[in-house]
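Student: Below, each chain spelled out in residue letters.
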Amino acid sequence: GCGGGTAEEPAPAEEPTEEQVEEQVEEPQLKMAMVTDVGGVNDESFNESAWNGHQKARDELGFEVSYVESEQDADYERNLETLLDAGNDLIWGIGFMMGDAIAEAADFNPDQKYAIIDSAYDDTPDNVVGVLFKAEEASFLVGYIAGKMTETGKVGFVGGMDFPVIHGFHYGFMAGVKYANPDAEVLVQYADSFVDAARGKAIANQMYQQGADIVFHAAGGTGDGVIEAAREQDKYAIGVDMDQNHLAPDNVITSAMKRVDNAIFMIAEDLKAGNFPGGQTVVFGLEDGGVGIAPTSDKHVPAEILEEVAEVERQIIAGEIFVPDNKDDYDANY
Amino acid sequence: MRNIDFDCKVVEMKNIIKKFGDFTANENINLTVHKGEIHALLGENGAGKSTLMNILYGLYQPTAGEIYINGEKVNITDPNVAIQKGIGMVHQHFMLVEPFTVTENIVLGMEPTGLAGKMDMKKAVQDVEEISKKYGLYVKPNEKIYDISVGMQQRVEILKALYRGAEILILDEPTAVLTPQEIKELITIMRNLTQEGKTVIIITHKLKEIKEAADYCTIIRRGKHIDTVEVKNTSEAELASKMVGREVSFKADKESKEKGEATLRIENLVVKDNRAVEAVRGLSLEIHAGEILGIAGVDGNGQTELIEALTGLRKIEAGNVIVNGKNVTNNTPKEIIENKIASIPEDRQKRGLVLDYTVAENMILENYAKEPFAKHGIMNSTAINKFAKELIEKFDVRPEDEKIKARSLSGGNQQKVIIAREVTNDPDILIAAQPTRGLDVGAIEFVHKSLIQQRDKNKAVLLVSLELDEIMNISDRIAVIYEGKIVDIVDAKDADENTLGLMMAGGGIQNEK
Amino acid sequence: MLDSLGFIIGTTLMYSTPLIYAALGGVMSENSGVVNIGLEGMMTIGALIGATVGFYSGNPWLAFLAAGMAGGGLALLHAVASVSYGADQVVSGIAINFLGPGLALFLSRIFFEGATMTKAIPLDNKMPRPIHGLLPRNSFLDLVFNQYATVYIAFLLVGVVWFLLYRTKLGLRIRAVGEHPRAADTLGVSVYKIRYLCVVLSGVLAGFGGASMSLAIVSNFRPTLISGHGFIALAAMIFGKWKPQGAMWACLLFGVSNGLVVYLGRSDAPFEISMQLLSMLPYVLTLIVLMGFVGRSSAPAANGVPYEEGER
Amino acid sequence: MKSKAFFEKIATYITKWTFGFSIISIILGFIIGAATLALAGFNPIEAYGIMARGVLTRPSYVAWTIIGSTPIILTALSVAFAFKTGLFNIGAEGQFMIGAITAAMVGYFVELPAIIHIPLVLISAIVAAGLWGGIAGVLKAKFGVHEVISTIMLNWIALYLNNYIVLLEGLRRATSQRTHEIQRSASIVILEQWKRSPEGREWLRGHDFFGDALRTPLNWGFIIAIIFAVIVWYILNKTTLGYELKAVGYNRHAAEYGGINVSKSMFTSMVIAGGLAGAAGGLHVMGISKSIASLAAMEGYGFNGIAVALIGGNASIGIVFAGLLFSALQYGGSKIQPALGAPSEVINIMIGTIVFFIAMPKLIKYSLQNFKKKRGAKNVR
Ligand SMILES: Nc1ncnc2c1ncn2[C@@H]1O[C@H](COP(=O)(O)OP(=O)(O)OP(=O)(O)O)[C@@H](O)[C@H]1O
Ligand SMILES: Nc1ncnc2c1ncn2[C@@H]1O[C@H](COP(=O)(O)OP(=O)(O)OP(=O)(O)O)[C@@H](O)[C@H]1O
Ligand SMILES: [Mg+2]
Ligand SMILES: [Mg+2]
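Chains as they are written, first to last, in this note's numbering: chain A, 1 to 334; chain B, 335 to 847; chain C, 848 to 1159; chain D, 1160 to 1540.
Same shape as in the complex, but just chain A:
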């Protein structure tokens, strides 16, 4: 069909065979599985990162892992149930969109452990862990880098859709830029789409044309266009969620990474150690490596700036720098 009709992508062919192999060698192992949101597992973003976390848990903790992908909003509940029937010890919901579904499932299956990425509850059920990321902290760091590295004094931010989760990236970035370079200007535009690469490209082109020389995107597939524009214009871009340097090695100077993989791995460790943080909302930030900048940053970012970044990071962790994740906080502080 048209549009998202086909955004469905299951496991690589070789996956199961490996699993079966392990099944034979390993003695009774823990089972962990995840339900992706409609982005699908190869979304170059948090779904993929989450799956990496699972694989890490498989390789290092001997977990048995699998996943189901969702094609439509309506698939979440039944996919969670598919994994429930598969007898998993821990089931992950990847993405805030699954908030309701997880709550529902947890309510009906008190003995089943669940965890959800990017979502918190007012009072979290005992069998659920909410996992949040301080995306704004990573965004602040890349913003700092942008503020330092811009030669034109203008940088840009391209958002996917104009809503809270993206606002974290948006205002964290702006704050970082301002912190590094108070009179730098930040051009902001939302594409109102996570799939329209052409629009991402057009917006980025416009920003570069207006004099920006570094553009940060938090816009999924639309971001492909942003990075493409950077390549063509031979300007800089900043990736999001994962290290996107490979998309344009000469142009993506860094990425604001959301280490969903780390988070999942850590929770898996807790689970294995028998202290599953049920009923809590765990917030990952710079402190615990839940967010951060891409390892490839040193390819383009001068060492001295990276040292400053390290210092800024320390200050943020120490609470000496306040990082806003919404308009009001930003306006109040910057």
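Heads up, some of the hints might be wrong.
To be verified - Think about it this way: if two alpha-carbon atoms lie no more than 25 Å apart in a straight line, the pair counts; the simulated SDA-like pairs of lysine to any residue are:
| no. | chain 1 | residue 1 | chain 2 | residue 2 |
| --- | --- | --- | --- | --- |
| 1 | A | 235 | C | 961 |
| 2 | B | 739 | D | 1301 |
| 3 | B | 588 | B | 811 |
| 4 | B | 819 | B | 658 |
| 5 | D | 1524 | C | 1119 |
| 6 | C | 1088 | C | 1104 |
| 7 | A | 299 | C | 972 |
| 8 | B | 353 | D | 1301 |
| 9 | B | 709 | D | 1400 |
| 10 | B | 709 | D | 1389 |
| 11 | A | 178 | C | 916 |
| 12 | A | 31 | C | 1119 |
| 13 | C | 1090 | D | 1354 |
| 14 | D | 1301 | B | 665 |
| 15 | C | 966 | A | 250 |
| 16 | B | 591 | B | 811 |
| 17 | B | 723 | D | 1401 |
| 18 | D | 1521 | B | 692 |
| 19 | C | 1040 | D | 1525 |
| 20 | B | 474 | B | 634 |
| 21 | B | 704 | D | 1409 |
| 22 | B | 737 | D | 1398 |
| 23 | B | 739 | D | 1354 |
| 24 | D | 1354 | A | 109 |
| 25 | B | 576 | B | 546 |
| 26 | B | 452 | C | 1039 |
| 27 | B | 591 | B | 452 |
| 28 | D | 1423 | B | 663 |
| 29 | A | 154 | C | 849 |
| 30 | C | 966 | C | 1039 |
| 31 | D | 1524 | C | 1039 |
| 32 | A | 327 | C | 1118 |
| 33 | B | 353 | D | 1520 |
| 34 | A | 178 | A | 213 |
| 35 | B | 649 | D | 1179 |
Think of the hints as simulated: they come from the structure by calculation, not from any bench.
None of these values were measured; they are calculated from a predicted model.
Since the structure of chain A is already known, use the hints to place chains B, C and D with the ligands on it.
Tutor: Frame of chain A, contents of chains B, C and D with the ligands only:
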């Protein structure tokens, strides 16, 4: 004088059999045609004439049988072969691409081309002008088909064949849509062609033409070869009975009758055609109860637009239509029907029937919402089927099955369904447009009877037809339409074909062009 | 100011190009009397194959052609169904729209270790930009004319298709087949051959359209890359009254309104307007134009009607 | 020789039977799907086994399949209804969204006893989407705008409208891009309160069948969809309205001549089609999602509806079964991922193949005729 070369058999078809599924359209038909002869094929609708000719032209493959062209056995697998063999065909239903120009239609498939497959239009036009001059077939090379008269369209069809160097020309019911003058022209053209040494096979239902034009005539009935006769020593009556297998009466018998007061008054009506050109230009007319008023005219003089305007299908720009003293100008079709005007549309398949509806469903097309067929918007199939059964019975529609789709009915039977429906509406005014087009004598007899019955029931009947014979046969008064105006009205008694034909062609009146 | 204009024009061209290819595809197929709503599927497979061949061969032209062939291959299915087997052309088109993306993802996994997103093609192996670097960066002329070859080819093809349809004998036959197949048949023009040719060509063009996304606008394929373009192109073709030049104008209208969306949505825009509402502009505009200025569009007479040689 | 006669019987029987072609096409679809799976190195038997078990072996599985079929049955009815009246409604997608938006708003803002609230929400969804569909009808009737264009455009407009409305303050849930959940009084989930209550849970724990079935958001939507299917069948075949609409669909010229108002019919037809798709959206919100979220791309309910309509032969019963099949394929397909890691786009390939063969009954007829005697075969030309 005719110059037939009897030693040279240009066409020989031997024991041709053609089956469509289990239905046999041609059954052991033999046909022999000599060089320079005009050979007529006569038969009722569905007798198998077109099928036989389509086989000769390579459109159908015979189930069995042999074909010889100029004595040589041939296997005509497709029209290309036929064309190579010098066979050309003008089809019963014109095969013209409407939005194309005359020239484009003629050269299609044999286009003169320059480099890179680019068409050489200039040359094409020259060629067309050349042959049209050569055979005296006048056409306007650069006009689009939908802009030219049916007569010219026919000439285009013939030119298509001649352009491909046809030696044998097949004409399938060419005269159905022509005026007497155009028919005369056509006959002269056929003569000229035979003078040129070409051979003509003509399919027709019209015995008069056969007498006039043909040398030989082969009669086919229900797919079987009945006889081949030399025309000059046979009578029309004989041909007719051979064709139908029984005696047929030609003159529709109706006793004269006093006409009542005007039921339908048309006051200087103005109507535009699809291309927003005025087609009906201030036409006025009165039709009285108990008369059949025939409108004679060449196709494309505003008949279609006139009828569509009267039935509410086309906007009336100016003028009035008054029915029983009530002004129904620009009323909706529904309102018109409610004002007791019924009509037999000229295109039975486009307007008259929903081919994918059953016969029963078609029988109630105008009354589907009325009791007893429907109540509070719920349809009552028993009532509908009962009604349909009666009409099928009464109007002898075949097959006698109200549940089959109208599509699978034959042309004539489709027409019967329409007539049954319209007449049963018990209208004050019945408009019949080309009611017998494409029907055979039997069916025609029936239609004419029904029209006359209405008249005798003191209804007003407006008959529009291109068939002058038909008009003269059953009308009480005849109005001649030319370029959207009535040029004259005469009593059928003292009407004569030639003067009418002349008026239809715009003669007789000075102020024109 | 001039730069803004340049930007809008440039964006218009970028947006319109893939649509123009696909719309031309529609024009070819439907002028021969075969409805083609499978453009979306054909674009998708084209985009995938383009990105794949481009990545592995490093030769954009090879990739572009491969994409065309992929689209044509899928179109061949449509042709078999709708020409040889008198299929309902809408239905078979819908089927193509399931098969195209399905196959695309399926193949992607085979070519890229189970990933449905292909690897990025290096800038030098993308479609060339003929006059890149000749003009001062981001000058008006640069913004307008410094486009990928695919853009120029698209407009070139508009001319080619126009010439083919209205100036060559093949074109005359194609249109005849679309208007009155029986007439063409009786003159020995093979309706089947013509329709097969046109449908496959339409697939090739749609494939090009997909490739113009994955080889020029971006440099990789993802499942969401083609999301609705085929349907927009279909609309553009109808909008353009089944004529190549008409379809082109429709695509440009669509492109320019997208350019405006981006231009008006920029942060220093004179007025503040919700991006969601702004995003409706292209579609609303299209409807308004259709209502106001275009009116009834008429398809080729025999469009969508299966034809059987030798039946009456 | 005997088998030949036998095949002949089967062949003629199938070619006569309305859904015969659909059945064969479905079988062919499974065969091609199997081939694709095998190509990708998976054991098709195993995969189909998992799908079958994953759909049939537990009450909750069946329930999920039924739940999944509800919206596509309705969008399919929408498409089919328009088809019957000569219009091609690509717009079910957008009409679905409008229905969902309306339901989410009326379901959240209005507070009423369920007995009134539920019908109110459903009806407003139907009306809103009906009008949305009606736009295409008007554009066609009054301006001659091809409904294929207008409905495509309207789909996109609906998508952005959805994203706009979701984010409106007051409707949006804080720190999220979903609307607030609709009031419980607007929910059509079966025994929703009860099964959450302690005694409900207690009872359900005791009764495996219901316990399992009611774990799913099993709701009245399916029943309502069936009712709509019957209504559609009734309208089209038993009422003067249906007579008018079909007449226009088959031959608008004859309809016009018969005194039917063609423009009005087109409008009515699109309104009804829109309403059906709107019901799908409304029931979806009332029964499953409870809220709407901003969408990155179209979800495909309308487009799947087209496929279902075609597989179901545009007939009400056909559509109900096709909808169930479609849903089963999707649900079962989602299970071969975790189990085998088999690529689930095989499902799309299967669906595509099924529709593809349905498009050409002739092919099937011909191949069947090869069973018949030579003569039979010859006559087909
Ligand atoms: N393609 C076809 N398939 C099935 N039956 C056919 C086909 N073509 C013709 N027939 C049937 O074969 C018979 C002969 O048809 P044909 O057109 O030759 O009649 P005809 O003599 O030309 O009649 P008319 O005077 O109406 O043209 C008719 O009953 C017709 O219905
Ligand atoms: N293409 C076709 N396929 C199958 N059957 C056909 C076809 N065309 C005509 N027939 C059948 O052949 C019979 C005769 O059809 P045709 O149109 O030739 O009528 P006809 O013989 O001219 O009778 P009439 O004089 O009433 O027009 C009809 O019963 C019709 O159903
Ligand atoms: Mg006939
Ligand atoms: Mg005939």
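Student: All hints, please: hold or fail.
Tutor: Here's how the hints hold up against the structure:
no. : hint            : verdict
1   : A/235 - C/961   : violated, 32 Å
2   : B/739 - D/1301  : violated, 32 Å
3   : B/588 - B/811   : holds, 14 Å
4   : B/819 - B/658   : holds, 23 Å
5   : D/1524 - C/1119 : violated, 62 Å
6   : C/1088 - C/1104 : holds, 20 Å
7   : A/299 - C/972   : holds, 23 Å
8   : B/353 - D/1301  : violated, 48 Å
9   : B/709 - D/1400  : holds, 12 Å
10  : B/709 - D/1389  : holds, 20 Å
11  : A/178 - C/916   : violated, 52 Å
12  : A/31 - C/1119   : violated, 51 Å
13  : C/1090 - D/1354 : violated, 61 Å
14  : D/1301 - B/665  : holds, 19 Å
15  : C/966 - A/250   : holds, 15 Å
16  : B/591 - B/811   : holds, 12 Å
17  : B/723 - D/1401  : holds, 23 Å
18  : D/1521 - B/692  : holds, 24 Å
19  : C/1040 - D/1525 : holds, 21 Å
20  : B/474 - B/634   : holds, 17 Å
21  : B/704 - D/1409  : holds, 21 Å
22  : B/737 - D/1398  : holds, 18 Å
23  : B/739 - D/1354  : violated, 54 Å
24  : D/1354 - A/109  : holds, 13 Å
25  : B/576 - B/546   : holds, 18 Å
26  : B/452 - C/1039  : holds, 22 Å
27  : B/591 - B/452   : violated, 66 Å
28  : D/1423 - B/663  : holds, 21 Å
29  : A/154 - C/849   : holds, 21 Å
30  : C/966 - C/1039  : violated, 40 Å
31  : D/1524 - C/1039 : holds, 20 Å
32  : A/327 - C/1118  : holds, 19 Å
33  : B/353 - D/1520  : holds, 23 Å
34  : A/178 - A/213   : holds, 16 Å
35  : B/649 - D/1179  : violated, 48 Å
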